[in-house]
Amino acid sequence: MKELPTTPTDAALIARIKKGDERAFTLLVRRYEQTVWGFAYKLCRDKEKAEESFQDTFVNVYRKLGQFDGRSKFSTWLYTIVANNCLMKRRRRKLEDLLESYDEAPDTDDPSVHDQLASWDDTPAERLLQGELKETLDEAIRKLPDDYRIVFVLRDLEQRTAEETAAITGLSVPAVKSRLRRSRIFLREQLHGFMKA
Amino acid sequence: MKHTHIHTHLLSCSEIYTHLCENLDAKIDSEECRRIKAHIAECENCTALLDSLKKTVYLYRKYPTPKVPAAARTDLFAVIRLEQKKGKKRPSR
Numbered sequence: 052m053k054e055l056p057t058t059p060t061d062a063a064l065i066a067r068i069k070k071g072d073e074r075a076f077t078l079l080v081r082r083y084e085q086t087v088w089g090f091a092y093k094l095c096r097d098k099e100k101a102e103e104s105f106q107d108t109f110v111n112v113y114r115k116l117g118q119f120d121g122r123s124k125f126s127t128w129l130y131t132i133v134a135n136n137c138l139m140k141r142r143r144r145k146l147e148d149l150l151e152s153y154d155e156a157p158d159t160d161d162p163s164v165h166d167q168l169a170s171w172d173d174t175p176a177e178r179l180l181q182g183e184l185k186e187t188l189d190e191a192i193r194k195l196p197d198d199y200r201i202v203f204v205l206r207d208l209e210q211r212t213a214e215e216t217a218a219i220t221g222l223s224v225p226a227v228k229s230r231l232r233r234s235r236i237f238l239r240e241q242l243h244g245f246m247k248a
Numbered sequence: 011m012k013h014t015h016i017h018t019h020l021l022s023c024s025e026i027y028t029h030l031c032e033n034l035d036a037k038i039d040s041e042e043c044r045r046i047k048a049h050i051a052e053c054e055n056c057t058a059l060l061d062s063l064k065k066t067v068y069l070y071r072k073y074p075t076p077k078v079p080a081a082a083r084t085d086l087f088a089v090i091r092l093e094q095k096k097g098k099k100r101p102s103r
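Top line first, the protein sequences correspond to chains A and B.
According to the working numbering, the first sequence is numbered sequentially starting from 52.
According to the working numbering, the second sequence is numbered sequentially starting from 11.
Hints listed in this document are in silico derivations from the structure and should not be mistaken for laboratory results.
A couple of the hints might just be wrong.
Just a sample of chain B residues kept apart from chain A, beta carbon distances all over 10 Å, derived [claimed, not checked]:
id, residue
1, 42
2, 44
3, 45
4, 48
5, 50
6, 51
7, 61
8, 66
9, 77
10, 85
Computed, partial: chain B to chain A, Cβ under 7 Å [as the list claims (entries may be wrong)]:
id, residue
11, 21
12, 23
13, 29
14, 43
15, 58
16, 62
17, 75
18, 90
19, 93
Label pairs and their computed distance ranges (CB to CB) [said to hold, decoys possible]:
id, chain 1, residue 1, chain 2, residue 2, range
20, A, 103, B, 96, 35 to 45 Å
21, B, 52, A, 210, 42 to 52 Å
22, B, 43, A, 98, 35 to 45 Å
23, A, 135, B, 84, 39 to 49 Å
24, A, 97, B, 91, 40 to 50 Å
25, A, 154, B, 92, 44 to 54 Å
26, B, 64, A, 85, 25 to 35 Å
27, B, 52, A, 149, 29 to 39 Å
28, A, 120, B, 96, 41 to 51 Å
29, B, 92, A, 223, 35 to 45 Å
30, B, 92, A, 172, 49 to 59 Å
31, B, 48, A, 103, 44 to 54 Å
32, B, 43, A, 224, 18 to 28 Å
Here a beta-carbon is modelled for each residue, glycine too, at the ideal position from N, C-alpha and C.
Please take these sequences and the hints and turn them into a complete structure.
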């Protein structure tokens with residue numbers, strides 16, 4: 052009986068690329084293109100910027116694959132390249148100060164906090180996402196400083212572990228946890244006006 | 011944060027605040043976790059906060075991600091071919 056061809060592992064493809072096999076590079080791109088595109092799109096929230104990041108990432112992979120030593124998963128290395136591509140130099144210090152203030156629980160003696168804690172409407176997500184909520188979601192996530200946005204996207208959307216997110220971003224695991232916590236609260240606050248019942 | 015119920019909770023809202031925001035879906039079965047769940051079950055504020063945090067994440071997860079545009083793929087391979095022509099026949103070692 053004829054044996055079915057097996058799908059080459061990442062390591063096998065990378066070994067072939069390092070020997071100059073261009074077809075193997077095409078296969079590697081095909082395998083990860085949606086991962087890179089999706090991550091870039093979720094970070095940038097802009098098709099043009101995502102395209103730029105998509106291209107830069109794979110060109111960097113092509114140029115730097117020789118430096119990949121296989122000690123981490125290839126996908127972790129890939130996420131690191133996308134994240135670095137998307138990181139902007141501009142810091143938003145004011146917003147970072149605000150995010151740090153989220154470490155304190157709100158004071159419910161303050162009447163304005165009651166409004167902040169009002170229950171959210173139960174409208175199904177599918178219906179909400181057809182309308183202006185999409186814009187609200189985009190605007191809110193764009194306001195996050197890059198290192199917070201990357202952590203939120205990796206942990207909550209790409210569902211990477213805290214340890215892998217730390218490896219990708221170069222942050223410590225406690226720093227990943229605090230950024231994730233603050234990002235969630237910030238985004239929740241941004242959506243609150245739209246969502247409360 | 012004060013409670014909206016008359017019951018005396020074992021933990022206060024501020025004591026569980028960090029945990030609440032950090033571990034939305036964590037399935038930890040520890041004594042602390044059971045106390046936190048008991049608090050949430052009786053506290054309107056913490057329930058509202060937890061639900062809205064979960065919904066925030068849920069909405070972002072539901073937000074559709076488009077497929078890779080064919081043009082982006084075509085452009086990428088054109089750039090890679092240029093890289094190869096520039097003499098970089100294989101990645102640097």
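Hints, one by one, checked against the model:
Consistency note on residue 42(B): stated as away from chain A, and its beta-carbon is indeed over 10 Å from all of that chain's, at 16 Å minimum. The Cβ of residue 44(B) lies farther than 10 Å from every Cβ of chain A, with a closest approach of about 20 Å, so its non-interface assignment holds. Under the 10 Å C-beta cut-off, the non-interface status given to residue 45(B) relative to chain A holds; the minimum distance is some 16 Å. Listed as outside the interface, residue 48(B) is consistent with that label: its C-beta sits roughly 18 Å from the nearest C-beta of chain A, beyond the 10 Å cut-off.
Every beta carbon of chain A lies more than 10 Å from that of residue 50(B), the smallest distance being close to 13 Å; the non-interface claim holds. Listed as outside the interface, residue 51(B) is consistent with that label: its C-beta sits roughly 16 Å from the nearest C-beta of chain A, beyond the 10 Å cut-off. Listed as outside the interface, residue 61(B) is inconsistent with that label: its C-beta sits roughly 7 Å from the nearest C-beta of chain A, within the 10 Å cut-off. The claim that residue 66(B) lies off the interface is violated: its Cβ sits roughly 5 Å from the closest Cβ of chain A, which falls inside the 10 Å cut-off.
Listed as outside the interface, residue 77(B) is inconsistent with that label: its C-beta sits roughly 7 Å from the nearest C-beta of chain A, within the 10 Å cut-off. With a closest Cβ-Cβ approach of about 6 Å to chain A, residue 85(B) is found to fall inside the 10 Å limit, against its non-interface label. Contact between residue 21(B) and chain A, as hinted, is not supported at the beta carbon level, the nearest pair being about 12 Å apart and thus beyond 7 Å. About 6 Å separates the beta-carbon of residue 23(B) from the nearest beta-carbon of chain A, less than 7 Å, and the hint is met.
Given hint, residue 29(B) at the interface with chain A, is violated; its Cβ is 9 Å from that chain's nearest Cβ, farther than 7 Å. A hinted interface residue such as residue 43(B) counts as satisfied when its beta carbon comes closer than 7 Å to some beta carbon of chain A; here the least separation is about 16 Å, so the hint is violated. The interface hint given for residue 58(B) holds, since its Cβ lies 5 Å from the closest Cβ of chain A, which is under the 7 Å cut-off. This hint holds: residue 62(B) has a C-beta 5 Å from the nearest C-beta of chain A, less than the 7 Å allowed.
With its C-beta approaching chain A no nearer than about 5 Å, residue 75(B) sits inside the 7 Å limit, and its interface hint holds. For residue 90(B), the interface hint holds, since its Cβ comes within 7 Å of a Cβ in chain A; the closest pair sits about 6 Å apart. Because the closest C-beta pair between residue 93(B) and chain A is about 6 Å apart, less than 7 Å, the hint holds. A beta carbon spacing of about 20 Å between residue 103(A) and residue 96(B) contradicts the range 35 to 45 Å that was offered as a hint.
Checking the proposed 42 to 52 Å range against residue 52(B) and residue 210(A) shows it is violated: the Cβ atoms sit about 31 Å from each other. The supplied range of 35 to 45 Å is met by residue 43(B) and residue 98(A), whose beta-carbon atoms lie about 42 Å from each other. Range check, residue 135(A) to residue 84(B): about 25 Å between beta-carbon atoms, so the 39 to 49 Å window is missed. With their beta carbons about 26 Å apart, residue 97(A) and residue 91(B) fall outside the hinted range of 40 to 50 Å.
Roughly 49 Å separates the CB atoms of residue 154(A) and residue 92(B), a value that falls within the hinted 44 to 54 Å. Distance hint for residue 64(B) and residue 85(A): a CB-CB separation of about 26 Å, consistent with the stated range 25 to 35 Å. A hinted range of 29 to 39 Å for the beta carbons of residue 52(B) and residue 149(A) is consistent with their spacing of about 31 Å. Remark: the range hint 41 to 51 Å for residue 120(A) to residue 96(B) is contradicted by a beta-carbon distance near 25 Å.
Taking the beta carbon of each, residue 92(B) and residue 223(A) are about 40 Å apart, inside 35 to 45 Å as hinted. The hinted window of 49 to 59 Å between residue 92(B) and residue 172(A) holds, with their beta carbons roughly 51 Å apart. Remark: the range hint 44 to 54 Å for residue 48(B) to residue 103(A) is upheld by a beta-carbon distance near 50 Å. Between residue 43(B) and residue 224(A) the beta carbon distance is about 19 Å. The supplied range of 18 to 28 Å therefore holds.
Violation of the numbered hints given earlier is confined to hints 7, 8, 9, 10, 11, 13, 14, 20, 21, 23, 24, 28; the remaining hints are satisfied by the structure.
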